[in-house]
Amino acid sequence: MGKYHIETKQVPPRFLPPGPYCVIAKEEGCLGCKYCVKKACPYGVYEKKGFDIKELRETSSYYCHHCLFCVESCPAGLISLMPNPEYQRLGDGYWTPEIITSLWRQAETGKIPVSGAGYGGPFVGEGFDEMWTDMSEIVRPTRDGIHGREYISTAVELGRKPLALEFDPDKKMVSQIPPFVEISLPVLLSLPSWGRWDRNVLFSLAKAAAKLNTLFIMPLKEFDSTFLSFIDHLMLSVETKEAIRSIPAQAQFIEIPLDLVSEIDVVRQGHSERIISVKVPFGPGVEKTCLDLVQNGVPIIHLFADEHGREMVELRPRFIKDAIQDVHFSLVEQGVRDQVTLLASGGIAMAEHMGKTIICGADAVVVGQALMVALECRLCKECEKGLPCPVEINAIDSEWGAQRIINLMGSWHSQLLEVMGAMGMRDVRRLRGELGRAIFYRDVIKESFANIKKVSGE
Amino acid sequence: MKKVTVYFCKNLGYSQRDILDAFNLPSEVSINLVGMSCSCEITAGLLLKTYEVGMDLIFVLACPEEECVSGEGSKRIKRRIEYTKEILNELGLEKVRLEAFHVPKNSLGALKEIGDKIKQSMEEVESIFYG
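Protein chains in written order, with my numbering: chain A, 1 to 458; chain C, 1001 to 1131.
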């Protein structure tokens, strides 16, 4: 099999994304300089800007990189930048405007987002920001880049794995190898838990999954014969016991909720090659639930948190990175971790979240909301209130949507390669549960200050 | 169908729903609400381009002059509107097609009054066309 490569290409947005600042260029008082600073803009904002006939506004805020060159240089001081309230209202405290804008740029270009020289932000925060990846091998300059001859594999297998192979005296293998599938990227595509998504969106995801060689977790109720050509890349999500009867015979991957786990044999009846995933919410006792599932032969467990990565409890919910560690290490302690595939979803908003979730013990992640952002969703959730979508997401062309998702995944793939290359890792399967490749803020604090407390206690 | 665009300063704090409800325009009117970071973003060029794409009437909702976040957006908008009206006049378009209003913050009553004025302007434009 050749090297895995994601083909990205420029896919412009349909709607003008709001930029963080609006360029205000006043005309009153213009000195009419021969060499106007607007012509010297390093990003060509004033040349590129136009009039967006859909949104009835000028497009300069989208192209502006807020370098302040024009603001500083205009001799009459006529140019200024103003914070854009529309930008500030995007998303929420977790899905920040910066994350949303970065996802848009990645979906448009397929390139790794580069914010500029130097980093002015904080070095520690909540959630995934409490954790840093240890890029100890970065001292060696890459000889021929991350796409060079030192191939880094991002492929993972989904399904149950035997812990050992058995052979008869004639050296013939007697072990039955359970069905499994290899996907080229440790990411499965899905829909968010909210929203109203039409066929064009579903087709975009299915096409992208096929192109990326991964799976799209699609609700069975949305499936019809027009999706049959993508069936090898669909994991059909069954919600009710009655729906099991309507699973198409060709379906190889099925996801069921935890309360239907007793129906696994019914799902497999006549289709022993089917790979079944059980969807389990992160919450109290999830470790015991997972252990029971593994002991009952469940090949894949999909653990899900809410869209902010918190487990489903009101009081002091664990964050996904901590909850997945607890599940992973409880299975390691029981000696059964390698039998099962753990998928994790919820709060995966950036490429680094994918790598960090895998370091914490997941085999692969499931992404939903970030994909909708790639399709220009502004996370306003107006659709939940029955109001029209400001970016008419259900009217997209599925080819356009698929390429936006491919671009985003292409960017995430490149970032994963960068991180793994810097760690000296050559296979994402080795990254799973490799906590030695991460530094946790709580550990740093403990190491630095534990002794001080001890001394003061004495 | 009459096409109306309302540019409004987002610092006023009104949502699009607030404005639509307060204006309560007849259903045959197609209304576009465009939020701006400040009314100083609105220039004669922008207004003329908006007419170019087929708008019949344009209205601007700006903050009170002394409450403008950029200090001068609300002060400049009236003059820019007057200037654009002159251009409209030269082009043979009626001045009633364009108006700017300084709206107090948190006053749905004031918004309703502006809605009435907009309806009046629409009637005027209609009477010019149909006598």
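Keep in mind the hints are simulated off the structure, nothing from the lab. Glycine included, each C-beta is placed from N, C-alpha and C at the ideal position. Do not take every clue at face value.
Here are some of the chain A residues that sit facing chain C, going by a computed Cβ distance under 10 angstroms [as the list claims (entries may be wrong)]:
1) L56
2) I264
3) V266
With a cut-off of at most 25 angstroms between alpha-carbon atoms, the simulated DSS-like pairs for lysine-lysine come out as follows [said to hold, decoys possible]:
4) K1117(C) to K1075(C)
5) K1075(C) to K1105(C)
6) K1075(C) to K54(A)
7) K1095(C) to K48(A)
8) K48(A) to K1049(C)
9) K49(A) to K111(A)
10) K49(A) to K1049(C)
11) K54(A) to K1003(C)
12) K26(A) to K1075(C)
13) K1085(C) to K1003(C)
14) K1117(C) to K26(A)
15) K1002(C) to K38(A)
16) K1049(C) to K54(A)
17) K26(A) to K9(A)
18) K1049(C) to K39(A)
19) K26(A) to K1049(C)
20) K1095(C) to K1119(C)
21) K26(A) to K1078(C)
22) K3(A) to K111(A)
23) K26(A) to K1085(C)
A quick look at each hint next to the structure:
no. : hint                 : in the structure
1   : L56                  : holds, 5 angstroms
2   : I264                 : violated, 47 angstroms
3   : V266                 : violated, 48 angstroms
4   : K1117(C) to K1075(C) : holds, 21 angstroms
5   : K1075(C) to K1105(C) : holds, 16 angstroms
6   : K1075(C) to K54(A)   : violated, 28 angstroms
7   : K1095(C) to K48(A)   : violated, 32 angstroms
8   : K48(A) to K1049(C)   : holds, 16 angstroms
9   : K49(A) to K111(A)    : holds, 22 angstroms
10  : K49(A) to K1049(C)   : holds, 13 angstroms
11  : K54(A) to K1003(C)   : holds, 13 angstroms
12  : K26(A) to K1075(C)   : holds, 13 angstroms
13  : K1085(C) to K1003(C) : holds, 18 angstroms
14  : K1117(C) to K26(A)   : violated, 29 angstroms
15  : K1002(C) to K38(A)   : violated, 37 angstroms
16  : K1049(C) to K54(A)   : holds, 12 angstroms
17  : K26(A) to K9(A)      : violated, 36 angstroms
18  : K1049(C) to K39(A)   : holds, 22 angstroms
19  : K26(A) to K1049(C)   : holds, 17 angstroms
20  : K1095(C) to K1119(C) : holds, 15 angstroms
21  : K26(A) to K1078(C)   : holds, 14 angstroms
22  : K3(A) to K111(A)     : holds, 19 angstroms
23  : K26(A) to K1085(C)   : holds, 18 angstroms
Violation of the numbered hints given earlier is confined to hints 2, 3, 6, 7, 14, 15, 17; the remaining hints are satisfied by the structure.
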